[in-house]
Structures are given as structure tokens and as C-alpha cells.
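Chain residues, written in single-letter form:
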Amino acid sequence: MEEMEIGCGKPTGAVVGDPAKDEVIEQEEEKAKEVVMAVAKIGKKAPDFQAPAFHKGEFRQVKLSDYLGKWVVLCFYPGDFTFV
Amino acid sequence: MDVEVLAVSVDSQFVHKVWQEEELSRMVDGGVPFPMVSDGAGKIGSVYGVYDEAGGVDVRGRFIIDPDGVIQAIEVLIPPVGRNVSELLRQIQAFQLVRKTKGAEATPSGWQPGRPTLKPGPDLVGKVWEVWKTDLAF
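Note that the protein sequences, when read in sequence, are chains A and D. Going by our numbering, 37 is the number at position 37 of the first sequence; the sequence numbering is gapless. Going by our numbering, 54 is the number at position 54 of the second sequence; the sequence numbering is gapless.
Take these hints with a grain of salt, some might be off.
So the derived label-pair ranges between C-beta atoms look like this [claimed, not checked]: (1) D:22 / A:18: 35 to 43 angstroms; (2) A:83 / D:135: 31 to 39 angstroms; (3) A:37 / D:136: 39 to 47 angstroms.
FYI, nobody ran anything at the bench for these hints, they're computed from the structure. Where a beta carbon is used, it is the ideal one built from N, C-alpha and C, also for glycine.
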């Protein structure tokens, strides 16, 4: 996995394996149209994202598409220090 | 089982660190082994349809994603109800079996590893009752 600068969590706008929408926009900079974000749908490719993470004592940036080739369970939860 | 877990909430990576060190490591020896991801602005949760704007949190959404990056299963719960990890593990085994057989086998309701699968095809039409009984659903 390439070293990534730790930034804020955000979807790339594309599905996993496709170039990020903001990269595409830079390539087509004359087009000022709104970016249509990829959304999660069953049976479709997952929306890609990158975000800061805490893992094994370290802070690092994770990117979902780095996990292509593996099974992934992506679990959202309401908050640290909550009860359930 | 060969599955990677990513846990995501709107907490910062710094809060994740403190939660891991102060509480989780007292529940799980060595703390949780997977990345704890920060979705500070709820933008990731939004594209996954699990961000609750009123509460400012990501609700309990769980996505099983296959090695091609395709979403195979979605479960979303409101915050007060916890998940069932046994059911998650069962589903992963079912999805892995279906993928391994390239769809030649399907797992009927209530399937558990070791139980019979179904082989979809012309010969099975109208004959499921012969190979699958309702008590297998439980």
C-alpha cells in the first residue's frame, strides 16, 4: 500500500477500482458540472473512500480500494464509548 | 475465513486510540485488531446511506464486500440494537461458498456450514420440497 498523507475521511466519488471523481474532474477541468457521487447498492461495486484510521497503535490513512482481492466487512457504528 | 474488517464511526482517530486503550483492550486481549476508521463529517456514511444527519452519527450499517469490490450484503440497524456476529459469520461462509462454486450451488434459508446446498437448474424446479424441509430454516 502506498503511503498516503493523513487527511479527513471522504468518499472518492467513484466505486472501488475506478479513478477518483476529483481526479477525473481535474483532467476535465473545463467542465464545471456537479460531481455525482457513487452510492452503495447491493450487487454493485462499493463506493471507494479514504480516511484516517487508528490501527495497531499507529495513525494511518486507509483506502477501501486497497482491499480489492480480499473479502471485507465494513462496519459503521454510532460512536466510541457508547453502550451497545 | 480470510476477511478484513474496517470499523467506521464519526469519532476522530484520536478518540479511537483512547477508546481502544481505555476500554476495548479490557474487553479484547490486545485491543481490536482491525483499523478503526474516522468518518468525521459523515461523508462516507452518507454515500453508504447510513449517516443520520439529525443525530450526527453513522448508524449500525454492515456491508459484506467481495474480492471484486462488489457489495454482497447490507444490514442496517438503529443504534440501540446490537448485531449478531454468528449471523455475520454464517453469511460470509455462504457468500464464499456461492462464489467458490461460481453460483452452481445456492444456500437455502437457514443454511449452516455442513448442511446441504441447492443446485439451481431445470431439475430442481418444483422439487425444492423434496430436498429442503421447513425445519431446516431454523
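For a quick check of understanding: which of the numbered hints are violated here, in increasing order? none
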